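Chemist: This is what each chain is made of:
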Amino acid sequence: MSAAIEVRGLRRVFRGRNGLFGAERVVRAVDGIGFSLAAGDVLGIVGESGCGKSTLGRVIMGLLPPSEGEVLVDGKRLDTLDRRARARLIQPVFQDPFSSLNPRQTIEQIVGLPLAAQGDVSGRQRRERVMEMLSRVGLSPEMAQRLPAQLSGGQRQRVAIARALVLRPRIVVCDEPTSALDVSVQAQILNLLAELRHELGLTYLFISHNLAVVEHIATEVAVMYLGRFVEQAPVDDLFRTPRHPYTRALLASVLTPEPGRGIPDVGLGEAYPDPANIPPGCRFHPRCPIAEARCRTESPEGRRPNGRLVECLLVGDDVAADSLRVPA
Amino acid sequence: MNAVLEVANLRVAFANGTQAVRGVSLKVERGETHCLVGESGCGKSVSSLAVMNLLARGATRSADVLRFHDTDLMKLSERHMAALRGDKLAMIFQEPMTSLNPAYTIGSQMAEALTRHRRVSRAKALDRAAELLGRVGITAPGMRLAQYPHQLSGGLRQRVMIAMALMCDPELLIADEPTTALDVTVQAQILRLLQSLQRELGLALLLITHDLGIVARMAQRVSVMYAGEVVESASAEALFAQPTHPYTRGLLACIPIPGASRRDEPLGSIPGVVPRIGPDFQGCGFRDRCAHAAPICAQVAPLQHAAPGHDYLCRLPPDWSAAEAA
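Which chain is which? The protein sequence lines are V and S, in order. Residue numbering for the first sequence follows numbering that gives the first Met the number 0, starting at 0 and increasing by one per position. Residue numbering for the second sequence follows numbering that gives the first Met the number 0, starting at 0 and increasing by one per position.
Bound-form chain V, shown alone (with noise of 0.2 angstroms):
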């Protein structure tokens, strides 16, 4: 099966100052990322803030030039395109349903502009696949003529949806959609995404902190760290057989709700990462409760021990010896 969507090399760096005359600050947000993704399938990118997540997501839709690399769907280069051939292949569903839709126009009129920018649909054959697709995300017909403000923040999630699948795209990037709702509305918005995956085939690019709902969610899941996957697997595997110290780190501290657990010591100590300032050798030594000698100087990029990519140096092919050197 060829991929629905494929990354290669994408970089992107930001430069900027500390004040007028201070020293120049580069930020390497996205560092060397690629990966494919069959059709149907839903890749979860989880990492911290300031990981680069998204920064990805929206060099991957091209809100944002790439450094270097480039984005594949369908097997056409995306930056080859021009903007409503793209907007036909990949849509966004970004976190705030609050500042993502525009407060004066009704829903009709935002679920309907993508339509209305493509230019080849009458106003009646508009109309009909806005209330259709509303009706798909579960709103009333009678909401189309409303406003933003009129709606709680679930519905406005809704709309968001709408919007994003109107013109049946290939691949919808959801970034942190249900972190700002309720865990109640959280669960009716990860149902609809689920289900509307299965009826129209959609493919996902989910990026969320949190875990629990990436593992409900995903097929496959990348862990980020400073810009880069440091470890990618099918969300059973990562789930069950997590091998990056940073991944066990993130699982760890995962707070599930059943008394009498505690909380766990993640033994990450306090050397935040800055994106300004990545560590030479393995970029998660300052912080690995494992590090030896050679994290400092040698990288760990690109290894695939197992065949699953793992980029940390101690990780051998070995599964089981794994579990002796950390402790999870």
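Quick caveat, the hints were computed from the structure, so don't treat them as lab data. One or more of the hints may lead you astray.
[Stated by the list, open to error] If you want a taste of the chain V side facing chain S, the calculated C-beta under 7 angstroms gives, among others:
| no. | residue |
| --- | --- |
| 1 | S151 |
| 2 | V182 |
| 3 | P256 |
| 4 | E257 |
| 5 | P258 |
| 6 | P263 |
| 7 | V265 |
Quick caveat, the model's predicted, so the values are computed rather than measured. Where a beta carbon is used, it is the ideal one built from N, C-alpha and C, also for glycine.
On the provided structure of chain V, position chain S as indicated by the hints.
Modeler: Chain S alone, transformed into the frame defined by chain V:
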């Protein structure tokens, strides 16, 4: 032994008539973590602000009991309340960036927290600040004291907030979503810190959160709030083992649990949205979203006991869910 904080029938109404808090009762004992959990708009933060008498202008509060040890907080003048606030009764807010003053160093803000309430020199206060920064796991505290808030990461700022709250040896600490703005790994560090400080100092901790994972791992007692009311109150074990109010049960079904929830099945969800509680609203606030609602739910719901120390606010009998499953 008396509770450190005792609240009975606390009510708060806003100037526009919204009933934000509709009869909240709870107790926090010495050395205990009591979690107040609920979704946005349920009244959990307003309840804590009402305790501290920090409500916005136009909001009114009333209570049958609002007591800190033996002090009746309802009768306390603002001057006496201000003396208590930040002293024996301390609070940490969600956003450590906006609750620190960007124009003053960490040291001067921390020292002021002490010199405001005690007759100590600034030098002594700075010593105490450095000691507490070390206590909350900040390395090189002397250097940090001279820094400004923007020079610190979010996790460090929240540690500073905790250290500042401890300057006067509080007996009650109210923490409102103290880790919500932080990454999960930092959250775990901060919560561990709160837990160990609390054990060491015998603090009473009222922890406000929307995160049931935090509740399960931190709380001895839990009060679940919905639409201004405590709908269920129990020990943490009892609440998670036998959630009784339909809202609590619905909320627990909504959370995906790695390894436990089935991925090919939809998550549980609660239909509808939180109602607006106007001045004339009466009865159960959850009835519009509840699958078990009946006409009687428009009247004030009865407080029932599921077990000793486990109360819930609903017309249904304690064993309703078991009876339904059978």
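Chemist: Decide, hint by hint, whether the structure agrees.
Modeler: Status of each hint after checking the structure:
For the restraint placing S151(V) at the interface with chain S, the shortest Cβ-Cβ distance is roughly 5 angstroms, inside the 7 angstroms limit, so the hint holds. Annotation: interface hint on V182(V) holds; nearest CB of chain S at approximately 5 angstroms, less than 7 angstroms. Taking 7 angstroms as the C-beta cut-off, the interface hint given for P256(V) holds, the closest approach to chain S being about 4 angstroms. Among the interface hints, the one on E257(V) holds; its C-beta lies about 6 angstroms from the nearest C-beta in chain S, closer than the 7 angstroms criterion.
Taking 7 angstroms as the C-beta cut-off, the interface hint given for P258(V) holds, the closest approach to chain S being about 4 angstroms. A hinted interface residue such as P263(V) counts as satisfied when its beta carbon comes closer than 7 angstroms to some beta carbon of chain S; here the least separation is about 6 angstroms, so the hint holds. Annotation: V265(V) was flagged as interfacial toward chain S, and the flag holds, the nearest CB pair being 5 angstroms apart, inside 7 angstroms.
Of the hints listed earlier, there is not a single one the structure fails to meet.
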